[in-house]
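Line order of the protein sequences matches chains C and B. Heads up, the first sequence is in the numbering used here, so the first residue is 1 and it goes up one at a time. Heads up, the second sequence is in the numbering used here, so the first residue is 161 and it goes up one at a time.
Mixed in with the good hints there might be a few duds.
[Stated by the list, open to error] Calculated lysine-lysine pairs in the BS3-like style (CA-CA distance at most 25 Å, straight line): (1) Lys141/C x Lys445/B; (2) Lys504/B x Lys151/C; (3) Lys373/B x Lys441/B; (4) Lys467/B x Lys545/B; (5) Lys180/B x Lys219/B; (6) Lys533/B x Lys151/C; (7) Lys11/C x Lys533/B; (8) Lys445/B x Lys371/B; (9) Lys346/B x Lys151/C; (10) Lys445/B x Lys11/C; (11) Lys151/C x Lys371/B.
[To be verified] Just some of the chain B residues that point at chain C, by a computed CB distance under 8 Å: (12) Lys174; (13) Ser176; (14) Gly195; (15) Val196; (16) Tyr213; (17) Val285; (18) Thr321; (19) Gln452; (20) Phe460; (21) Asp463.
[Claimed, not checked] Reference listing, derived: stretches of chain B covered by chain C, where coverage requires no fewer than 3 residues with Cβ under 8 Å from a Cβ of chain C: (22) 177-185; (23) 425-433; (24) 438-446.
It is worth saying that the hints were derived from the structure and are not from the lab. Quick caveat, the model's predicted, so the values are computed rather than measured. Idealized CB from N, CA, C, for every residue including glycine.
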Amino acid sequence: MREELLTILEKNSRIAFNELAVLLGTSEEEVLKELTKLEQEGIICGYHTLINWEKTSIEKVTALIEVKVTPQRGQGFDKIAERLYNYPEVRAVYLISGGYDLLITLEEKSLKEIAGFVSDKLSTLESVLSTATHFILKKYKDHGTIYNTPKNDEREVITP
Amino acid sequence: MSRNFLSEKVTGLKPSGIRKFFDIVSEMKDAISLGVGEPDFDTPWHIRDEGIYALEKGKTFYTSNSGLKDLRQEISNYIQRTQGVEYNPNSEILVTVGGSEAIDIGLRAIINPEDEVIIPQPSYVSYEPCAVLAGAKPVIINLKAENEFRLKPEELLNAITDRTKILILPYPNNPTGAIMEENDLKAIAEIIKEKDILVMSDEIYSALTYKEKHISIASIEGMKERTILINGFSKAYAMTGWRLGYACGPQEIITQMTKIHQFAIMCAPTTSQYAAVEALKHGDKDVEEMRQSYNQRRRFLMDAFRKMNLECFEPYGAFYVFPCIKEFGMTSEEFATKFLQEEKVAVVPGTAFGECGEGFLRISYAYSLENLKLALERLETFVTKLRNQKNM
Chain C
1 MREELLTILE KNSRIAFNEL AVLLGTSEEE VLKELTKLEQ EGIICGYHTL INWEKTSIEK
61 VTALIEVKVT PQRGQGFDKI AERLYNYPEV RAVYLISGGY DLLITLEEKS LKEIAGFVSD
121 KLSTLESVLS TATHFILKKY KDHGTIYNTP KNDEREVITP
Chain B
161 MSRNFLSEKV TGLKPSGIRK FFDIVSEMKD AISLGVGEPD FDTPWHIRDE GIYALEKGKT
221 FYTSNSGLKD LRQEISNYIQ RTQGVEYNPN SEILVTVGGS EAIDIGLRAI INPEDEVIIP
281 QPSYVSYEPC AVLAGAKPVI INLKAENEFR LKPEELLNAI TDRTKILILP YPNNPTGAIM
341 EENDLKAIAE IIKEKDILVM SDEIYSALTY KEKHISIASI EGMKERTILI NGFSKAYAMT
401 GWRLGYACGP QEIITQMTKI HQFAIMCAPT TSQYAAVEAL KHGDKDVEEM RQSYNQRRRF
461 LMDAFRKMNL ECFEPYGAFY VFPCIKEFGM TSEEFATKFL QEEKVAVVPG TAFGECGEGF
521 LRISYAYSLE NLKLALERLE TFVTKLRNQK NM
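If we strip away everything but chain B, and leave its shape as in the complex, we get:
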């Protein structure tokens, strides 16, 4: 085969840094992993039961392209009661296959060639490739540890050009656990309005915050019409495998997104949609129980880091901590690889989430306390060993 049939755009995409590490870990049999980006809880039984019931009743057909009417109504109610923002279930909400699909088609619906998409990093791995595939030029903002990885107004201003179309706002953040509070958001919103650009606010971890309740930028005055709000069921309700998310936004944008969704996907999985209605109607208690559990583990990790003198800002969102390992004079990847080989614990190098993740590790606390205890004991052993070597 002499001719190259492949798309240059696709072959040009960098392979995910996570993938590479995944292959190493998979070969180690008895390693403890702290590398997972999904809840350790099972989907609450009443939600699973509703999915089973839908199957038993033979609800196995396509739903409307934008999703079950009941589900869109419940999503609308949920955003109204948690954020005080009103979305019309008939025209401003689209049910998608996970938040990931919403990111992809949201960008595709608005991008023209040469448009710029601003992406603060470290952040979730798919924003940049999705922007590239949509034909946009990604513009990266390197967030700083001294700002607790929040997006600062001056950083945003520096990144904006005449071609800027949209800012991706990934908070509560994977991998840093950072959040944006009301004042942070207000400052960003001012710039967005003044520079006449859009925001894609990925709020998939919105139910998992440990300080104040999460605030959506869409709730700030004048921002609803400029925001594509993305959320879903994976993290809050421990429903990753159900592949269900949604986008809320201005009717013009949602209409175009629905078009792509209709041609590419048809509709989100029907069983999952029925289960999701149950989740939104009766799942608040489960979410709170899981949140409390994550919070306890978060405190446990922060305490363990303090005791071993490992630098880490206190994160108030998602289920990740992002400790700094610069003192050991190794790259994140070197550290993670050595840690895995010597102590058999897998963590993800910060660089998997952008170059500015160099010097940091993502540690997930979607694990039982027993698991975390064991892993942290090993981390302490490892860190002590490295420090002793350095001092010799």
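Isolated chain C, as found in the complex:
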């Protein structure tokens, strides 16, 4: 049940307990118990909303920043990652294999603010060797969801 429950919630976190119980063929109590466990174990980390900000009048700029760093003795990359993820404007931090070490997603109101973050905060950190900033021009798909108008049902209305 756990995997199926997570699969449903990943697509729709607003679904009601009683409905979940019906879909999974179990009781509401069981669903509630499992959900509590999943939250306590840190498997479910939040219930967020996916917003296509481009369709609002609110300005948002997102950048992906590649960062090369010197790992610190005894702590590897964790220490520097922590210094970065504590900034609220940093939306995601990943340790990456390949040409650089950390990938940061940064969301700000303007290009200028992103530039400010990179030059004032990021580059001045001692263990940061270099950075490369990429601005996102358009989001086609995010969190497994395609950002365009929904498709019509093109099937014939009745078929055998």
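Starting from the known structure of chain C, fit chain B onto it as the hints suggest.
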């Protein structure tokens, strides 16, 4: 034009009950339909991509009559890993234009005039006409709701005569959602062997079962040589428009089927065949995801029926439920028509799948949950209204 040029056999065929209803629904603009017999999912992208790649590479020629060698090999592997039955890809497998073609030519390959074909109903609409067109006499078994629409050995025995050549075994079933489990199949297999007849097992919904995994009658001892196994890509991989299916069976029969296929069709669409190889090689995960989704909707519908007190046996296959509407004292067609007119929801009357479908409706759950929720709310309103009228 005074002379009648038309074939009596063809003009004598009853028009499909679905067609009639289709015309009514098509005129209603804002109706919600639960009447579709095909998946709502798009074909998984990697499969479509493989089709596109085949086109880009210029793979646009005929394939061999029986289908791409690679595809027949993959089909053989698939049946081996899901059913434990071994078919020789060189002589015992034929790739067809959908399962429908396999039904048609399978019957044509074995029927002599006056042969009888046993068809359990309610079932898919084309078995009976295909049997008639092949020159056979269809013998109908009216399956019963109290048996959950499974075929019972005594029903089969009653239908068998000296002229019986083949039984069509349509499970998992469209329109009832019924399945046959191992013990059901064993009992049928005993009779088939004893009475020396064949089986055409239409397993197009085999990937969509919600209890045990599907079992093919061909996997029962002594049955492989008596079975024409039909399957395809439409339902499992959401590939209806690609028109691709296949038949597996004894070499003598497949050889004759290939002959008809060769003269009538030449070969199944090449692009589809390349895409199908990809489906069989890497599509298991997609099938499982879709199956899980169907299962959730199935549970949702059964729960909704329980809540509105509508009688329905729990189906464990395909993507249909077959609720009983006898309590309302209307025929299936009357009910479906009124439901459509008053609540704007289209369902298919059970009678479209045989006379014994009277008193039942086929509701498809190849729709999103949101769609089903809306439609079921309307069904509840409708059912409540009818019950209130009755009690007045």
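For each hint, the structure was consulted:
Taken as a hint, the Lys141/C and Lys445/B pair is honoured in the structure, with Cα atoms around 22 Å apart against an allowance of 25 Å. Simply put, Lys504/B and Lys151/C have alpha-carbon atoms about 21 Å apart, close enough for the 25 Å limit, and the pair holds. Restraint check: the Cα-Cα separation between Lys373/B and Lys441/B comes to about 19 Å, which is no more than 25 Å; the hinted pair holds. Of the pairs offered as hints, the one joining Lys467/B and Lys545/B holds, with about 15 Å between alpha carbons and a cut-off of 25 Å not exceeded.
Distance check on the hinted pair: Lys180/B and Lys219/B sit about 40 Å apart at the alpha-carbon level, beyond 25 Å; violated. Restraint check: the Cα-Cα separation between Lys533/B and Lys151/C comes to about 19 Å, which is no more than 25 Å; the hinted pair holds. Between Lys11/C and Lys533/B, the direct Cα distance comes to roughly 17 Å. Compliance with the 25 Å bound is thereby established for this hinted pair. The straight-line distance between the Cα atoms of Lys445/B and Lys371/B is roughly 18 Å, inside the 25 Å bound, and the hint therefore holds.
Straight-line distance between C-alpha atoms of Lys346/B and Lys151/C comes to about 45 Å, which puts the hinted pair past the 25 Å bound. Restraint check for Lys445/B and Lys11/C: satisfied, since their Cα atoms lie roughly 18 Å apart, inside the 25 Å limit. Of the supplied pair hints, the one linking Lys151/C and Lys371/B is violated, its CA atoms being roughly 32 Å apart against a limit of 25 Å. Taking 8 Å as the C-beta contact cut-off toward chain C, the hint placing Lys174/B at the interface is violated, the least distance being around 14 Å.
The interface hint given for Ser176/B holds, since its Cβ lies 7 Å from the closest Cβ of chain C, which is under the 8 Å cut-off. Interface hint at Gly195/B: satisfied, since its Cβ lies 4 Å from the closest Cβ of chain C, which is below the 8 Å cut-off. The interface hint given for Val196/B is met, as the beta carbon of that residue sits about 5 Å from the closest beta carbon of chain C, less than 8 Å. Hint status for Tyr213/B: violated, given a least beta-carbon distance of 22 Å to chain C, over 8 Å.
Restraint check, Val285/B versus chain C: the minimum CB separation of about 5 Å is within 8 Å; hint holds. The beta carbon of Thr321/B is not positioned within 8 Å of any beta carbon in chain C (closest approach about 29 Å), and the interface hint is therefore violated. A cut of 8 Å between beta carbons decides the hint on Gln452/B: the least distance to chain C is about 6 Å, and the hint holds. This hint holds: Phe460/B has a C-beta 6 Å from the nearest C-beta of chain C, less than the 8 Å allowed.
The criterion of a C-beta within 8 Å of any C-beta in chain C is met by Asp463/B, whose closest approach is roughly 4 Å, and the hint holds. Given as covered by chain C, the segment 177-185 of chain B passes the check, having 4 residues with a CB less than 8 Å from a CB of that chain where 3 are the minimum. With 0 residues carrying a beta carbon less than 8 Å from a beta carbon of chain C, the segment 425-433 of chain B misses the three-residue requirement, and the given coverage is violated. Counting residues of the segment 438-446 of chain B whose CB lies closer than 8 Å to any CB of chain C gives 0, so the stated coverage by that chain is violated, three being the minimum.
Violation of the numbered hints given earlier is confined to hints 5, 9, 11, 12, 16, 18, 23 and 24; the remaining hints are satisfied by the structure.
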